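What follows is the residue order along each chain.
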Amino acid sequence: MFQSYLPMILEGLRVTLSVASVSLAIACVIGLIGASAKVYGGMAARLSATVYTTTVRALPDLLVMLVVFYGGQILLNSISDKYGWGYLDVDPYIAGVSTIGFVFGAYLTETFRGAILSVPAGQIEAGFAYGLSRFQVAFYILLPQMIRHAVPGLTNTWLVMLKATALVSIIGLDDMVHRAGLASAATREPFTFYALIGLIYLAVTTFSVLLFGALEKVSSRGVRSGGAA
Amino acid sequence: MRMKFLASIVATTMLAGTAFAEDLRIGVEGNYPPFSVVAPDGTLSGFDIDIANAICAKMKKNCVMVQQEWDGMIPALNAKKFDIIVASMTINEKRKKVVDFSNPYYDVPSRWVARKGDYKSWSQEELKGKTIIVLRNSPRAEYVAKNYPDSTVLAVDKEPAVYLELAAGRGDIAFGSSVVSAESFLKKPEGKDFEQVGDTLFLGEDADGGVGIAVRKSDGALREEVNTALSSIMTDGTYKQLSGKYFDFDVTPQSAKK
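The listed protein sequences derive, respectively, from chains A and B.
So in the numbering used here the end of the first sequence lands on 229, straight run, no missing numbers.
So in the numbering used here the end of the second sequence lands on 1258, straight run, no missing numbers.
Simulated from the structure, these hints should not be mistaken for lab results.
Keep in mind that the hints are not guaranteed to be accurate.
Stated by the list, open to error - Restricting the straight-line Cα-Cα distance to at most 30 Å, the calculated cross-link-like pairs of lysine-lysine (DSSO-like) are:
(1) A:Lys82 to B:Lys1217
(2) A:Lys82 to B:Lys1061
(3) B:Lys1158 to A:Lys82
(4) B:Lys1096 to A:Lys82
(5) A:Lys82 to B:Lys1080
(6) B:Lys1094 to B:Lys1217
Since the structure is predicted, the reported quantities are computational estimates derived from the model, not experimental observations.
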């Protein structure tokens, strides 16, 4: 009974990992844009980035997801009814990753903003003094140095996000937690399956922490560490 | 360029949308045995699934099962993710405000359970001075309080706990849902020395409203189609054959027997 449900759970792990990593990529892009808007943007950019981080971080993830998925679908239905297009479906995968990416982009905006501010302004000025373009300064001077400061916050966000993906089951995506629930119901062995996915989560997070640790080490090369780094 | 890209996305989603607009999409759950269960290979089975397939055959539609987590069931119906819900949803006033229901397609009777050989019936005389175990604040608790003034009542806070108390000997006879008593007790090793006492009974339509198929408020015609299909599987014997696969008691709703 237990072994027979194992492939189903592992398929759920694939969904969980895929949703989490695509969401992370989206959140990183949004975070970088948001952080640049906050640090370098004009009045309008700063204001909209602040409104974004304030509201999104204030609302429960589940609420945002339900609003985007069902609210978006109802909006789409009313538009399509008006123009007689028939039923248009909001794909749960796209809705899921964009919502999670959108929510965690707000947290990463703050992480990246802090990281940008940790890079001494003199470094940037020196770059311009050498005649580098804005793009070159951002890519060769700012980014490599800010990663070191961003990794701890990024690691945290990734770990929280990995578990937040369980929310996608509400909108019809079959993630690992949802499948464990189904398997427990079918076999009446809740402990077995929840313990199993607990261990899987632990394995994935341990592996992630090691990976991010390595990234931190690489990005900190050449920096003298005083033990507490 | 960007507009072209956007336009192609819109076009493909529209095509995807119209491709299955003709099908009847059925929202099911998968987390409620024996009504709805997912097998290791992902296939759905159970009484709900069988009923859904049976009415689908009667309605002569191509049906697609959409598995949906319970918490998002009604929002998904109203957002047109699927057209009907066949997921053991009990008909109640609160739900009727947001969706419409078909006629009930099953109703779970109550039954008395005691140690083998202890009782012949559940008459008031036989239960005089005995302790009856029921779920607190349930229709069954009201029924016992009203009809068994000479018996002691032991009220517990969860339905399966009724049988834990019975097995532990803290009461003489249990009065509970037929499905829960079967699934969580009588079919298990710990329930092997216990049996049903007398016949099952329905407490009346107010107490057990029955379980219905939900449709959107705007889909009156579909609701009628579902009702017609339901009454035809009930008269042609399909219903009896399907329910016999899962239950050793009658789940036909009261309203369908009249």
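Evaluation of the provided hints:
1. Between Lys82 of chain A and Lys1217 of chain B the alpha-carbon distance is near 19 Å, which keeps this suggested pair within the 30 Å criterion.
2. Between Lys82 of chain A and Lys1061 of chain B the CA atoms are separated by roughly 26 Å; this keeps the pair inside 30 Å, and the hint holds.
3. At roughly 49 Å between alpha-carbon atoms, Lys1158 of chain B and Lys82 of chain A are farther apart than 30 Å, so this suggested pair is violated.
4. A threshold of 30 Å between alpha carbons decides the hint, and for Lys1096 of chain B with Lys82 of chain A the separation of about 27 Å falls inside it, so the pair holds.
5. Straight-line distance between C-alpha atoms of Lys82 of chain A and Lys1080 of chain B comes to about 15 Å, which keeps the hinted pair within the 30 Å bound.
6. Of the pairs offered as hints, the one joining Lys1094 of chain B and Lys1217 of chain B holds, with about 14 Å between alpha carbons and a cut-off of 30 Å not exceeded.
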